[in-house]
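J.: In case you want the letters, here they are:
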Amino acid sequence: MPQNRSDKPLLEARDLHLRFGGVIAAAGINLKVYPGEFLAIIGPNGAGKSTFLNICTGYLRPERGQVFLEGREITGLPPRTIANMGVARAFQIPQLFTDKTVEENLLLALAAREGFWRWLPLRAKDRVEEGQRLLRALGLEPFASFAVAETPEGVRKLLDVGMALALRPKLLLLDEPTSGVSSEEKLHVMDTLVQALRAQGVTAVFVEHDMDVVRRYADRVAVWAEGKIMVEGEPGEVLKDPQVLATVVGVEE
Amino acid sequence: MNPLLALFDGLVYGSLLFLVAVGLTLVFGVLRILNVAHGSFYALGAYTAVILGLWAERALGSGWLSFPALLLAPVLVGGILGPLIERLVLRWAYVRPEVLQLLITFSLFLVLEDLQKLVFGVQPYFLDRPLQLLGAVEIGGVPYTRYQFLLVLVALLVLFGLRFLLRATPMGKILVAVVADREMAQALGVNVGRVYAVAFSLGVGLAALGGALASPTVTIAPGLGAEVIVLSFAVVAVGGLGQVEGAALGALLIGLGRSLAVYWLPELDVLVPYLVMVLVLLFRPVGLFGTVEVRRL
Amino acid sequence: MRTIWGIALVALVSVALAQRPAEIRLGIVTFLSGPASVFGIPAKNAADLLIDQWNRAGGVSGVRIRPIVVDEAGGAERQVAEFRRLVLDEKVDLVIGYISSADCLAVAPVAEELRVPTILFDCGTPQIFEERRYTYVFRTAAHAALDSVAAALYVLKINPDLKTIAGINQDYAWGRDSWELFKAAIIALKPDVRVVAELWPRLYAGEYSTEISRLLALRPDVVHSSLWGGDLVSFVRQGLGRGLFGRSRVVLTAGEHMLQELGRTLPSGVIIGARGDHWFLHPRTKDDPAHKAFVEEYRRRFGRYPVYPSYHMSQALLAMRSAYERALRDTGGRWPTREEFARAMVGLEIKTFTGTVRIREDHQAVEDALYGTTAQTPQYPFAILERMLLLPKDLVMPPVGVKSLDWVRTLRPEVLRQVPDPR
Amino acid sequence: MRWPLLLLALLVLGILPLFLPWLGFVFTLALAKGLAALGIALLLRAGLVSFGHGLFFGAGAYAVAFALREPGRGSQEATLLLLLALVVGLVLGFLVGLFVSRYRGIFFAMLNLAFSMVFFALLAKFYHWTGGTDGLRVPTPTVMGLVLERNVFGEVLFYASLALVIGLSLLLHTFLETPVGKALGAIQTNEVRLEYLGIPVQRVILLTYLLSAGLAGLGGGLTALAVGHVVPELAYWVASGEFVYIAILGGIGAVPGPLLGALVYELIRTFAFKYLAYSWQLLLGTTMLLVIFFAPGGIWMLLGERRQRVASK
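Chains as they are written, first to last, in this note's numbering: chain R, 1 to 253; chain C, 254 to 550; chain A, 551 to 973; chain S, 974 to 1286.
Treat each hint with caution, since some may be false.
What the hints assert, rightly or not - Straight-line Cα separation of at most 30 Å, DSS-like style, residue types lysine-lysine; simulated pairs: (1) A:K943 <-> A:K842; (2) S:K1247 <-> A:K641; (3) A:K740 <-> A:K836; (4) A:K740 <-> A:K901; (5) C:K370 <-> S:K1247; (6) R:K32 <-> R:K228.
Hints in this document: simulated from the structure, not taken from any laboratory.
This structure is a prediction, so every number in the text was calculated from the model and none was measured.
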């Protein structure tokens, strides 16, 4: 998906700094995300990748630096305000409502987008229909009435993402969408996911460890190490750069 | 009215409050259970201390024996009732959601109240031998019983004793570990079941100690336990749940608050514990020493 | 001739008996649990004792009494539910009960609604008959005005040049009423007296060291307190340990019921009230045969001497018995309806174990007041009363239709001259 | 299976007082407590336990008592008085809710307890207005303008309470189907995700707290009218504990749970008071322990199918 540098970035992080005790999570992060693109963030474990997502979604407040969404500053706003501005998040460990079924989790997400405070049942006709469409898109239809606790990891991962999609976000932040999913399922999950995102024209930033997934699905990749962006660019070139291979991946085959 | 008296009275009342409440905060710290039945163990400690004291005086003829009776009672109550109740009732409570744990100890309180009445009857008991033997001393023109000084001393002993136990002894370190992270401690092979039994028994023993030490001054009659519960909640909430030092500060704050009220605004006397609790909780909901548990994503 | 009269008499008696109910179902409500059981149990004991005695002698006017006892615990809401159950489910003919003022005030209107004669035997709130008129509700004991006014009169008799007073009362209605009335009485009788401290510990606080420090520092001539039960014992023992009784003269308006509990520890010189003239060594009636029998039987069965709640219960039962007898006379032998029983209660003058009680037309009883000072003697293992003062009813109780506080404020120093010296 | 059983229970509840009049009074008190327990059950669904709802119960009751002392026709009308109790509960619930809705778990419970104990102490302290621990008398109000004999009023009050409770139960049942109602369970299992979905959790809790306070206020108002007297003990922490007890006894799984819990609770208490004069607390304590350990879903769950609908943590 080519994207031209000329239009304004959808999300911009400027000079972010954050430390947890001794660990440096961000030491001057500058990153731009352009509308419609899939940006992958790779880097060694504990480098601060997830922290970046938490800062952008308002869960953590940076010590220094700002975050802009479509040019407007959103640093420090609470997660629900940022979510209502069109930024959705999916989690490395699926964050689901374990007291409800798969379908109810999705319906609650749909209700959150529209009609939450109205005195109408959650299972209103139009909402259920939209839910069915989304379940089909994610291939979760057979699991609709399952209690969340009784479903396999892959299903929970997709549901987690599905709930973020239900918000029809402008920007989706994914934290290792394929972690904990068996290798055969990995491609199936990513295909289903990317197809749904492309269909809605959603910009996505995802933290990822699996280089195949990065090569296959990312338009651009940013390498995060010791709290800085080492290098940015097309996956093809970046993943050939020996320095990247050494720090991020260890010696590839 | 020289303010020194108000401070000393506040310290004495605070010491008693600390002795009453420290067991509650210890049990919460380790077991994450707010033990509503804490008041019943306080009352049982008081009843046992008085019965032992009276028996010792009659059978062995010396009033001084009532002092060891004050210390033996908590050991008996904590040693026998603690493990028994932890095994029979609390063992099932750990897995239950928080609200059910509260209700389990609330029901336990109801059961113990009636058992106490069946065992000890309804007529009031008291044994003030310890009070009389120590006599009184005058400060700033106002006589105080030496027993009140003893209370302050014992409270300090218990505070530093617990700090030493928790920080320096192996058992204490394990207790602190379980408080910090129950799952991790279990993963490292700590027999959390046994730790719970020890911690709960220690908590029950401390409650009984509070009752025993208060017994020479108060009258032991039905309903003694109920009054102490809400008061110790206030002390523990102000100090920060699970924090022994917090309980000490909470007790001191409420103790001083009450004595200031009695000296300058007697009308506020009955409101002080709850006003202090509301004020502190509003500005520091986890209490003065409490820590906020952040949800890990 | 004789036989005709004999037959007529037998017929008359059998007719009268025929209409007698099988039993008088009597509801008795008193505290069997909680701190106030220190009043409730002695009251229940007195009821058990008298009802057994009367039933063995054929009951009241030939009808046995069947007591149904209920624990007064649970608060006003629970007691209203229990009262309804007693009346509608247990079908009681009459209820004697209620120590807590809140329960008295809550149950009285329900008694009117269900039209069941109810005798309040102990609660001390002055308001109940001052604010409203009842047809079925009576109280056979005096209220807080008696205890406070009598205390004031006694204190001023003992210490005519009294200068300063202080009060330590539980922060609830009974404590507030007692102190308000005592303060008003003292100031009305001796306007130059100064109030140095009014302390309000929590009900059931049980811990008074801070209050005692304040009283010790202020050294008031007299300390007034309406504390009762475990709180009273705790306060006395904490005060004793620090010489409070040496520095001030302490007045315990409800002290009588705890004398046996305090035993030898209570020093001499403490002023004790008995909420009426209820003292087993009553100066006038301690040798009265009925009183002596009651005290002996009570001590034999329960191992202790009767205390004022026991006497209050006995007064209620004696009033009930006299009312039945009076009503039977009025109806010419037919068993009285509840309304007839209620009418018979009004204006009743009965002899109690310690004196006499009269039930006025506002259904409030008036009785003499007894105050004394403690003295430790070899005969008894607890303090008894000496320098006793018996104050007649109308000197210590407000007349019908006058609010207690207003009446107390009308007292003048001259009243003191009508008061005999304690002997 | 449960719904026909519910209808049967309602029938019995309606008919029985005609034969046993004193039971009518006990049922009225049970329904009043049931309303408060319903409010507690709403909060329990969100994992929030309040040991302080005696504050709203007491406030509703005292509002009715104070209003009845004012001259003027409006202040004597039962329907307006109940409305007043509801409004007082809602307003106080909003004010207290602003603070407590920020806290969770034990802190939520403690803060509620502290507020209610301050209110209880104030009720007992301001003796000249509230009658202190003696409380206040609540004379019989008019109903729809009619002046009723006290016992007739008692029966009317019972059937009015029954109708009110049924109406409110249906209302609550629909509320629990709305997104906000469904979100309650989600607050307990994963509050952070709700925030990430853009839902202002604190406002959801505040609304639920408001509803529960209104229900408790209304329950207090009903109790005041039924008993005819109000005392500070209505706001004591043990009374608040009773509502939690009732909610768990009945089961918070469905709306009828707490109401059933209230009826069973009042019957146990009456039974215990009658036969176990000395150890009624023992009976209540053991009953609750048995329910918690062997029927965590409460009586309502026992009646239904065995499947544990509320997943325990």
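J.: Would you mind marking each hint as holding or not holding in the structure?
T.: Consistency of the hints with the structure:
1. The suggested pairing of A:K943 with A:K842 holds, with an alpha-carbon distance near 23 Å, which does not exceed 30 Å.
2. Taking the CA atoms of S:K1247 and A:K641, the gap is near 14 Å; set against the 30 Å cutoff, the hint holds.
3. Distance check on the hinted pair: A:K740 and A:K836 sit about 34 Å apart at the alpha-carbon level, beyond 30 Å; violated.
4. For the proposed pair A:K740 and A:K901, the alpha carbon gap of about 35 Å is over 30 Å, so the pair is violated.
5. For the proposed pair C:K370 and S:K1247, the alpha carbon gap of about 18 Å is at most 30 Å, so the pair holds.
6. Simply put, R:K32 and R:K228 have alpha-carbon atoms about 14 Å apart, close enough for the 30 Å limit, and the pair holds.
The structure fails hints 3, 4 (numbered hints given earlier, in ascending order).
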